[in-house]
Amino acid sequence: MHTVLTRGNAILAYSLSVLACLTFACFLSTVFLDYRTNAKLNSVKVLVKNVADYSASREKHDLGFITFDLHTDLTSLFNWNVKELFLYLTAEYQTENNELNQVVLWDKILLRGENAVLDFKNMNTKYYFWDDGNGLKGHKNVTLTLSWNIIPNAGLLPRIFAIGEHSFKFPDSYTVTPV
Amino acid sequence: MFNIQTHMDFQGQAKAEKLSRFIITLFGIVGFIWGAVIQQFFQTFIILCAGFSLATLVTVPPWPIYRRKPLNWQKPKPESGDDSKKKKK
Amino acid sequence: MGVIDQLNMDSLFGEVQRMDKRQFLYQVLSFGMIVSSALMIWKGLMVVTGSESPIVVVLSGSMEPAFHRGDLLFLTNYRDEPVRVGEIVVFKVEGRDIPIVHRVIKLHEKNNGTLKFLTKGDNNSVDDRGLYAPGQLWLTKNDIVGRAQGVLPYVGMITIYMNEYPNFKDAIIMSMLSKVQFRISLKFAYLRRYLFDKACL
Chain A
1 MHTVLTRGNA
11 ILAYSLSVLA
21 CLTFACFLST
31 VFLDYRTNAK
41 LNSVKVLVKN
51 VADYSASREK
61 HDLGFITFDL
71 HTDLTSLFNW
81 NVKELFLYLT
91 AEYQTENNEL
101 NQVVLWDKIL
111 LRGENAVLDF
121 KNMNTKYYFW
131 DDGNGLKGHK
141 NVTLTLSWNI
151 IPNAGLLPRI
161 FAIGEHSFKF
171 PDSYTVTPV
Chain S
1 MFNIQTHMDF
11 QGQAKAEKLS
21 RFIITLFGIV
31 GFIWGAVIQQ
41 FFQTFIILCA
51 GFSLATLVTV
61 PPWPIYRRKP
71 LNWQKPKPES
81 GDDSKKKKK
Chain E
1 MGVIDQLNMD
11 SLFGEVQRMD
21 KRQFLYQVLS
31 FGMIVSSALM
41 IWKGLMVVTG
51 SESPIVVVLS
61 GSMEPAFHRG
71 DLLFLTNYRD
81 EPVRVGEIVV
91 FKVEGRDIPI
101 VHRVIKLHEK
111 NNGTLKFLTK
121 GDNNSVDDRG
131 LYAPGQLWLT
141 KNDIVGRAQG
151 VLPYVGMITI
161 YMNEYPNFKD
171 AIIMSMLSKV
181 QFRISLKFAY
191 LRRYLFDKAC
201 L
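Chains as they are written, first to last, in UniProt numbering: chain A, 1 to 179; chain S, 1 to 89; chain E, 1 to 201.
Some hints could be false.
Said to hold, decoys possible - To give a feel for the contact side, a few chain A residues facing chain S, derived at Cβ under 8 Å: (1) R7; (2) G8; (3) V18; (4) L22; (5) A25; (6) S29; (7) F32.
As the list claims (entries may be wrong) - Below, simulated DSSO-like cross-link-like pairs (lysine-lysine); rule was C-alpha separation at most 27 Å, straight line: (8) E/K116 with E/K21; (9) A/K137 with E/K110; (10) E/K92 with E/K110; (11) A/K137 with A/K121; (12) E/K92 with E/K141; (13) E/K169 with A/K140; (14) A/K45 with A/K126; (15) A/K60 with A/K49; (16) A/K126 with E/K43; (17) A/K140 with E/K116; (18) A/K60 with E/K110; (19) E/K116 with A/K108; (20) A/K40 with A/K83; (21) A/K40 with A/K60; (22) A/K40 with A/K137; (23) E/K116 with A/K49; (24) A/K49 with E/K110; (25) A/K49 with A/K108; (26) E/K116 with A/K126; (27) A/K83 with A/K45; (28) A/K137 with A/K49; (29) A/K60 with E/K43; (30) A/K140 with A/K83; (31) A/K83 with A/K60; (32) A/K121 with A/K40; (33) A/K169 with E/K141; (34) A/K169 with E/K43; (35) A/K40 with A/K126; (36) A/K137 with E/K169; (37) A/K60 with A/K121; (38) A/K121 with A/K45; (39) A/K169 with A/K40; (40) A/K121 with A/K140.
In case anyone wonders, no lab produced these hints; they're calculated from the structure.
All C-beta atoms, glycine included, are put in the ideal place defined by N, C-alpha and C.
Extracted from the complex, chain A is given alone in its bound form:
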């Protein structure tokens, strides 16, 4: 503490350690919170086509088309250690080829301060619903779930499933005409 430099250094170092402690305390104050909430999902239009997947193998694969309704209020999930919610809508199903298929159809970045009451009607998906083969036609049980990945200022990155999911069937025949 003798020279100006050592005093300045000591103060800076101490401030930084206090900041680290506060950040950790902020993390602790939010880590045990329950981030689950309800979401209402519904599929509106569902059809399936069989076309060549040029982005992957170039073979003919099943391509599903759906539109969906979504209603949820995520306002309560935000607190001082939530910077962003990454919302994503997953279609999960089982086929002969694969025990588990998960395809993200739609996602949304929801920053803190933005309107967190979501009400979508007849939304189109953001990504193509390609199957890894020809497993979609006539599929009896495809489950749609909404999940969110919580992005904190500092802390863990939990992925939470919304309460409420929706299952739907694909039609038994391919749609030939362009949609």
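Using the hints, position chains S and E against chain A.
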């Protein structure tokens, strides 16, 4: 470097350190509580920065209050013992 | 070998002679402590997390606004923990030396446990097939370096600055040394670089 006295006496140093820690800790705690109340961690950070600035202002420059108790050095002895002393220092 | 040469040179220059031998040894040892404890923590984390690089710094903006340049990510890589969609993984692609941090958006798992998945950066408009090796359509479990479990903002900026401005790196090492004895650290350019590069890798 510059012809400015920058030192503090020993008790001044102790005082400066205690004071700076107190200021920063206080601002940290107050900032944390305030940030928790309005749910904005950024405000906590700003308040801590304010504490840092205040502590810098109050304890880094060698204000006169940190120099009230200078050490009473012994008067230099006559020439003869000078060389050996320097080495020991 | 290099270290010993340097020590002799220093004593030739007479810097050391002004210092106590014990003081000098103390300086060397305490610097060794810093380096070896850093190494120990790193290797220990590797064991605990199962990931070959348990802490990574985000270098690009492809995951914004979730992660920015300079954020620190904590990774784990437990083999028996299943990969699921929505997870943020760090993976290596053949022909690229820098691992990529992106989100899994599509996944197919066979009965025998083989897994293939596709990733995409939150801030990118298309999936990562263009980033993979030519002809590669999917990632597998072996490509994963780790999965992101936690994030700490800004702290990684230090290492980014260190890589971009070598002088800054020297300044940091110097200030680390200066806590013990400032004068002599000026003479240690070679030793600094030797030890620090080893610790970094």
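Exercise for the section: Give me the numbers of the hints this structure contradicts, sorted from smallest to largest. Expected result: Result: hints 7, 8, 13, 16, 21, 27, 29, 30, 31, 33, 34, 36, 37 break, sorted rising.
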